[in-house]
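Participant: The lines below spell out each chain.
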Amino acid sequence: MLLERSEKRNVVTNLRRGTSMESTMHTEKYDALFREYKDRIYRLALRIVRDSMIAEDVVQEVHVKCWQNRDTLEEISNPGAWIMRVAKNLSIDKLRASKPTADLEAVTYSIKTRDPIPDRVAETGNLIQIMQKILEILPAKQKMVFHLREVEGLQYKEIGEVLEITVEEVKINLFRARQKIKDKLIKIQSYGLSRIHTGTT
Amino acid sequence: MGYPESIQALLEKYWSAETTVEEEQQLRAFFASTGTGADPMATYFSWLSRESRIMMPERRSGTHRRPVAIRRALSIAASILLLIAAGYFITRPIDNDSTAIYTAVASDTFDDPAEAYAEARQALLLVADKLNRTRAFASEQISKTDVYTELIR
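Protein chains in written order, with the working numbering: chain S, 42 to 242; chain H, 2 to 154.
Heads up, some of the hints might be wrong.
No more than 35 Å apart at the CA atoms, straight line, and that leaves these computed lysine-lysine pairs for DSBU-like [to be verified]:
| id | chain 1 | residue 1 | chain 2 | residue 2 |
| --- | --- | --- | --- | --- |
| 1 | H | K14 | S | K225 |
| 2 | S | K79 | H | K14 |
| 3 | H | K131 | S | K106 |
| 4 | H | K131 | S | K223 |
| 5 | H | K14 | S | K184 |
| 6 | S | K135 | S | K184 |
| 7 | H | K131 | S | K221 |
| 8 | S | K198 | H | K131 |
| 9 | H | K14 | S | K212 |
| 10 | S | K228 | H | K14 |
| 11 | S | K135 | H | K131 |
| 12 | S | K212 | S | K174 |
| 13 | S | K182 | S | K140 |
| 14 | S | K182 | H | K14 |
Here are some, though not all, of the chain S residues that point toward chain H, as calculated from beta-carbon distances under 8 Å [said to hold, decoys possible]:
| id | residue |
| --- | --- |
| 15 | D80 |
| 16 | L136 |
| 17 | E193 |
| 18 | G194 |
| 19 | K198 |
A few chain H positions that, by computed beta-carbon distances, are all more than 10 Å from chain S [as the list claims (entries may be wrong)]:
| id | residue |
| --- | --- |
| 20 | A18 |
| 21 | P41 |
| 22 | M42 |
| 23 | T44 |
| 24 | Y45 |
| 25 | S53 |
| 26 | P58 |
| 27 | A74 |
| 28 | A121 |
| 29 | L126 |
Hints in this document: simulated from the structure, not taken from any laboratory.
On a predicted model such as this, the values are computed, not experimentally measured, just so you know.
Think of the CB as a built atom: it goes at the ideal place given N, C-alpha and C, for glycine as much as any other residue.
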C-alpha cells in the first residue's frame, strides 16, 4: 500500500526520532489516560498513605509504570481499573515501608491531635475532623472500598477490579464501613440534641 | 432530623449499601441544597463532595522536587557531615583561648557547703514547680478528650 506524502513524512520523522507511528499513538493515548486519572491516583494514594508528598511520589511512580506499559495498554480490557490497581499496590508498599509491622487488615491509626471539646462537635469544621478520624480507624479494605465508592463514584464491579475482590466482598465492606459511620453520626446527632434538651452548655 | 419520606427511604438503602450511584447522587444533591447547618448528615455528604474535588498540587515552574532516592542520599550525606563535624570538635586539641572558658566554669562553685545546698535546693524547687504546672495542664487537656474518645470508640 502506498503512503500519502504526509504519512511518509510522519514515518520518516518518527524514524528519525527513533519511534514508530504506532508507538506515538500509544504514547498519545497513554498521555490522555494518565491526565484523566492523575487526580484520582493522588486521592487514592493520599487516602492510604496519609501524606501528601508520598502520595505525589506514588503518582510519579504510577506514571513511570504506565509509560513502561504504554504499548500494551490497548490489550488491557479496563486500563482505568489497571491504573488504579497499580496506584493501590504502590501506596500499600509505601505504607508497609513506613510501618513494617502494620497488619493492613486491622490497622488503626492513633489520634495524634488534641480534639475539640464535646459541646462543639456540631460545628462543621470539627465534625469533618471527626469524620476524617472515623475513616482513619476503618480496616484497610473497608477504607479503600469506601473511598472508591464515595469519593470516586466507582461501580461495585469496577471497585472489585481495582481491589481484586468479588462484587459481594465490595458490598460487604461498603456495608460495614457505612454502618460504622452511621453509628457515629447518630451518636453525634443524639449527643448534640441531648445537650440542647438538657440546656447544658 | 425530619427528612422527606423519599430521602428517608433512600438513606435507609444507602446505609445498607443498596443504593445505586445515581441514587447516591440524589442524596448528595438533596443535602447540598439544605446547607450543612447543625445537621451531621448534611455535613457528612458535603465532606464527601469536598473529598472528590481534591486535586494533586501543581508544582510552580522553577520549583523542582528531587526524586526520593536523591533526597535520601542527601539526608544521609548531611548526617555523615554532622558526625564528622561533631567528631572534630570533640577531639580537637585544647588551645590557650579555651582555658578561659574552663576557668570560668571551674569558678562557678561554692566554698560553703551550706550555701551550695541552699542554691541547689532552690534550683530543684523551681524545676519541681514547673513540672507540677505542666502535669496539671496536661491532665486538664486529657480529661477534655474523654467524651470525644467515647464518641468515636
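Participant: If a hint holds in the structure, say so; if it doesn't, say that too.
Facilitator: Status of each hint after checking the structure:
1. In summary, the hint linking H/K14 to S/K225 is supported, as the alpha carbons are separated by about 18 Å, within the 35 Å threshold.
2. Taking the CA atoms of S/K79 and H/K14, the gap is near 32 Å; set against the 35 Å cutoff, the hint holds.
3. For the hint pairing H/K131 with S/K106, the CA-to-CA distance comes to about 56 Å; that exceeds 35 Å, so the pair is violated.
4. The hinted pair formed by H/K131 and S/K223 fails the criterion: a straight-line CA distance of about 45 Å is larger than 35 Å.
5. At roughly 20 Å between alpha-carbon atoms, H/K14 and S/K184 fall within 35 Å of each other, so this suggested pair holds.
6. At most 35 Å may separate the alpha-carbon atoms for a hinted pair to count; S/K135 and S/K184 meet this at roughly 17 Å.
7. Restraint check: the Cα-Cα separation between H/K131 and S/K221 comes to about 43 Å, which exceeds 35 Å; the hinted pair is violated.
8. As the CA atoms of S/K198 and H/K131 are separated by approximately 60 Å, the hinted pair breaks the 35 Å bound.
9. Restraint check: the Cα-Cα separation between H/K14 and S/K212 comes to about 12 Å, which is no more than 35 Å; the hinted pair holds.
10. For the hint linking S/K228 to H/K14, the alpha-carbon distance of about 20 Å falls within 35 Å, and the restraint holds.
11. The straight-line distance between the Cα atoms of S/K135 and H/K131 is roughly 42 Å, outside the 35 Å bound, and the hint therefore fails.
12. Using a Cα cut-off of 35 Å, the hinted pair S/K212 and S/K174 holds, with the two alpha carbons roughly 22 Å apart.
13. A hinted pair counts as satisfied when its Cα atoms are at most 35 Å apart, and S/K182 with S/K140 qualifies at roughly 17 Å.
14. Proposed proximity of S/K182 and H/K14 is supported: the alpha carbons are some 21 Å apart, at most 35 Å.
15. Taken as an interface hint, S/D80 checks out: its beta carbon lies about 5 Å from the nearest beta carbon of chain H, inside 8 Å.
16. Evaluation of the S/L136 hint against chain H yields a violated restraint, the C-beta minimum of about 15 Å exceeding 8 Å.
17. Look at S/E193: its Cβ gets to within about 7 Å of chain H, closer than 8 Å, so that hint holds up.
18. At its closest, the beta carbon of S/G194 sits 6 Å from a beta carbon of chain H; the interface hint therefore holds under the 8 Å criterion.
19. Violation of the interface hint for S/K198 is found here, the shortest Cβ-Cβ separation to chain H being roughly 12 Å, above the 8 Å cut-off.
20. The Cβ of H/A18 does not lie farther than 10 Å from every Cβ of chain S; its closest approach is about 4 Å, which violates its non-interface assignment.
21. Under the 10 Å C-beta cut-off, the non-interface status given to H/P41 relative to chain S is violated; the minimum distance is some 5 Å.
22. Annotated as non-interface, H/M42 brings its C-beta within 10 Å of a C-beta of chain S; the closest such distance is 6 Å.
23. Some Cβ of chain S comes within 10 Å of the Cβ of H/T44; the nearest lies about 5 Å off, and the non-interface call is violated.
24. Against chain S, the non-interface label of H/Y45 is violated: not every CB pair exceeds 10 Å, the least being about 6 Å.
25. Non-interface call for H/S53 relative to chain S: violated, since the shortest CB-CB distance, roughly 5 Å, does not exceed 10 Å.
26. The claim that H/P58 is not at the interface with chain S is violated, since a C-beta of that chain comes within 10 Å of its own (minimum 7 Å).
27. With a cut of 10 Å on Cβ distances, H/A74 stays outside the contact zone with chain S, its closest approach being about 15 Å.
28. Distance check for H/A121 against chain S: the nearest CB is about 36 Å away, which clears 10 Å, and the non-interface claim stands.
29. Every beta carbon of chain S lies more than 10 Å from that of H/L126, the smallest distance being close to 30 Å; the non-interface claim holds.
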